[in-house]
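J.: Taken in order, these protein sequences are the chains called S and B.
To convert, take the position in the first sequence, counting from 1, and add 3; that gives our numbering.
To convert, take the position in the second sequence, counting from 1, and add 3; that gives our numbering.
Rather than coming from a laboratory, the hints here were simulated on the basis of the structure.
Mixed in with the good hints, there may be bad ones.
[Stated by the list, open to error] Listed next, the stretches of chain B that the computed footprint assigns to chain S, with coverage defined by at least 3 CB atoms under 8 Å from CB atoms of chain S:
1. 141-153
2. 200-206
[Said to hold, decoys possible] Restraint-style ranges between C-beta atoms, simulated for each label pair:
3. H86/B / K19/S: 35 to 45 Å
4. R154/S / Q40/B: 48 to 58 Å
5. E304/S / N252/B: 20 to 30 Å
6. R254/S / N252/B: 51 to 61 Å
7. K19/S / P214/B: 37 to 47 Å
All of these numbers come straight from a predicted model, not from anything done at the bench.
Note that the Cβ used here is the ideal one computed from N, Cα and C, for glycine as well.
There are 2 protein chains.
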Amino acid sequence: MHTHILPANLPRWSEKFGYGDFIHLEHHRQGFARMMQGDRFFREINENCWHPELRIEEYAKFGTQVQVVCTIPVMFSYWARPHDCLEVSKFLNDDLAELCVKYPKNYVALATVPMQDTDLAIQELERCKAIGLKGIQIGSNINDLNLSEDRFFPIFEACEKLNLAVMVHPWNMMGSANMTKYWLPWLVGMPAETSRAACSLIFSGVLERLPKLRVNLSHASGSFLATIGRVEHGFNCRPDLVAIDNPINPRDYLGRFWVDSITHDARMLEYVLEMVGSKRVSLGSDYPFPLGDLEIGKYIEDMNLPEDTVKDIFYRSTLEWLDMKEEDFL
Amino acid sequence: MHTHILPANLPRWSEKFGYGDFIHLEHHRQGFARMMQGDRFFREINENCWHPELRIEEYAKFGTQVQVVCTIPVMFSYWARPHDCLEVSKFLNDDLAELCVKYPKNYVALATVPMQDTDLAIQELERCKAIGLKGIQIGSNINDLNLSEDRFFPIFEACEKLNLAVMVHPWNMMGSANMTKYWLPWLVGMPAETSRAACSLIFSGVLERLPKLRVNLSHASGSFLATIGRVEHGFNCRPDLVAIDNPINPRDYLGRFWVDSITHDARMLEYVLEMVGSKRVSLGSDYPFPLGDLEIGKYIEDMNLPEDTVKDIFYRSTLEWLDMKEEDFL
Numbered sequence: 004m005h006t007h008i009l010p011a012n013l014p015r016w017s018e019k020f021g022y023g024d025f026i027h028l029e030h031h032r033q034g035f036a037r038m039m040q041g042d043r044f045f046r047e048i049n050e051n052c053w054h055p056e057l058r059i060e061e062y063a064k065f066g067t068q069v070q071v072v073c074t075i076p077v078m079f080s081y082w083a084r085p086h087d088c089l090e091v092s093k094f095l096n097d098d099l100a101e102l103c104v105k106y107p108k109n110y111v112a113l114a115t116v117p118m119q120d121t122d123l124a125i126q127e128l129e130r131c132k133a134i135g136l137k138g139i140q141i142g143s144n145i146n147d148l149n150l151s152e153d154r155f156f157p158i159f160e161a162c163e164k165l166n167l168a169v170m171v172h173p174w175n176m177m178g179s180a181n182m183t184k185y186w187l188p189w190l191v192g193m194p195a196e197t198s199r200a201a202c203s204l205i206f207s208g209v210l211e212r213l214p215k216l217r218v219n220l221s222h223a224s225g226s227f228l229a230t231i232g233r234v235e236h237g238f239n240c241r242p243d244l245v246a247i248d249n250p251i252n253p254r255d256y257l258g259r260f261w262v263d264s265i266t267h268d269a270r271m272l273e274y275v276l277e278m279v280g281s282k283r284v285s286l287g288s289d290y291p292f293p294l295g296d297l298e299i300g301k302y303i304e305d306m307n308l309p310e311d312t313v314k315d316i317f318y319r320s321t322l323e324w325l326d327m328k329e330e331d332f333l
Numbered sequence: 004m005h006t007h008i009l010p011a012n013l014p015r016w017s018e019k020f021g022y023g024d025f026i027h028l029e030h031h032r033q034g035f036a037r038m039m040q041g042d043r044f045f046r047e048i049n050e051n052c053w054h055p056e057l058r059i060e061e062y063a064k065f066g067t068q069v070q071v072v073c074t075i076p077v078m079f080s081y082w083a084r085p086h087d088c089l090e091v092s093k094f095l096n097d098d099l100a101e102l103c104v105k106y107p108k109n110y111v112a113l114a115t116v117p118m119q120d121t122d123l124a125i126q127e128l129e130r131c132k133a134i135g136l137k138g139i140q141i142g143s144n145i146n147d148l149n150l151s152e153d154r155f156f157p158i159f160e161a162c163e164k165l166n167l168a169v170m171v172h173p174w175n176m177m178g179s180a181n182m183t184k185y186w187l188p189w190l191v192g193m194p195a196e197t198s199r200a201a202c203s204l205i206f207s208g209v210l211e212r213l214p215k216l217r218v219n220l221s222h223a224s225g226s227f228l229a230t231i232g233r234v235e236h237g238f239n240c241r242p243d244l245v246a247i248d249n250p251i252n253p254r255d256y257l258g259r260f261w262v263d264s265i266t267h268d269a270r271m272l273e274y275v276l277e278m279v280g281s282k283r284v285s286l287g288s289d290y291p292f293p294l295g296d297l298e299i300g301k302y303i304e305d306m307n308l309p310e311d312t313v314k315d316i317f318y319r320s321t322l323e324w325l326d327m328k329e330e331d332f333l
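Excised from the complex, chain S in its bound form (with noise of 0.2 Å):
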């Protein structure tokens, strides 16, 4: 789980709304292609990012079948107006829909929404579902109102009633304006915004309220786990800030959210499954981007952890969290 996909192709957006830095493709050389904002260069990415023969080769090398599938979180566009969100949304979906009904062994998809607007989410969560995607991407904030908003709630709610898989991605860093060297929005705002929202969902009292959401945090929730004794002696001691909208402890939580195995360090991947246990932990990658586990969890074999361990981080925390059978792919 955790890979990202684009489509070949994207339509003009920018031009077709009349305005906004929505993202095209300019295939400038063979094999690559720049991701542009508008008129600003955002990213150059290689074909790996929309070819899907190319990236079920590329998976084959590390001994992995299947990839689930999501957006680059820069596609989100929950800034723009919610209705050309929906479009840009749709389009995508659709794309992601095919790619499953083409290759249902290789790619399980999850969609993206128009956040911003509540009753739009939710009608294109009815799509996906009808469509065969399982589950959601969703920002850390959403145009930087954080997941325990109220607004934010129906949307849970209907994740949960249609049975779909949400995972939390990083993106809009706080602190970015302030942290322009060093890779630092990716190296520590990153991280951060994981916790933002992990702390949010469960001080507002979404995962309480909504028993049967699958939520997945990305990069092993960030820096939520590893501040855990901190969270939990915030909610302890100053129960009037934290401890206003839920008053369970939030390490009862831990065991009860998924969390991927992208920590690049296996002292800490330890950590992480003694925090949550090994069904809670799910192989990820962020492929196909430089910071992700291109070896694809050669270091989690280079562990020597119990069999079992590896089976849940491999594949049954996965589908588990997706509420899918290991035969949906033999």
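We have chain S already, so just place chain B on it with the hints.
T.: Below, chain B alone, put in the same frame as chain S:
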């Protein structure tokens, strides 16, 4: 190490300087005071924030004799006009020096300096050295400038030359404006701030160029050690972004800097000990604030660590960081 203290009374700097929300104290009832930021209520504090004998007694309850004290970060006043901040700093530093003269077996102090003005900061550093302070406490950023900025290098250089220890404390937390609920600036922003500072000191080459500079990172380095896998992977996969000022792998600095023990979690402390070694983990409390470890290391005693490890954490690491000797307190 890592406790906070204030003088019992603070001048009305806002009135004297004619601008700004400098902190003053309102002793509104016996045993308590309101910290006021201009006319705004900031926080109520207990007399253990300023009462030296009471602090010694409270510490003694947990078998602890010596406190390394420093001001509360809101007192930094980095936003003020440099000479005004110098005056505030001098007032606080003189109070700290007096405390250490009066209770030499119980207190060691870290100064605060006007980081916004390199020359004045160094001038005050030299004065603080002369009056017996053993180091400085600095913010994780200085008015949103990172510690990697060239302007701060001469200050670190002076600390090395003067044999003054440096403690980095999170403050002015990224994302605060959008995380007003659930105390998230303290629970999410602070750990990110310390990682931001650690990355800035490493990637800019401050630690590399000043091999004798002794830096201690608050709250067990915040999220830095927990995300070292990600930080290292970022350094390796995007050297064009990360390795631009220092070619050394960030993991090579584990064991080079100190961290305090404030994890509130035995398992996380084990991880920290494995990462940096017990000689680099120093007992911290954040006393007297509620988010601190107010049982001063009790959970560490319960961990059944080897005696040598406990001695390292409880005093040897801090003595080495401060370049002091056990005999100084006997």
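J.: Which of the listed hints are not met by the structure?
T.: Hints 3, 4, 6 and 7 not satisfied by this model.
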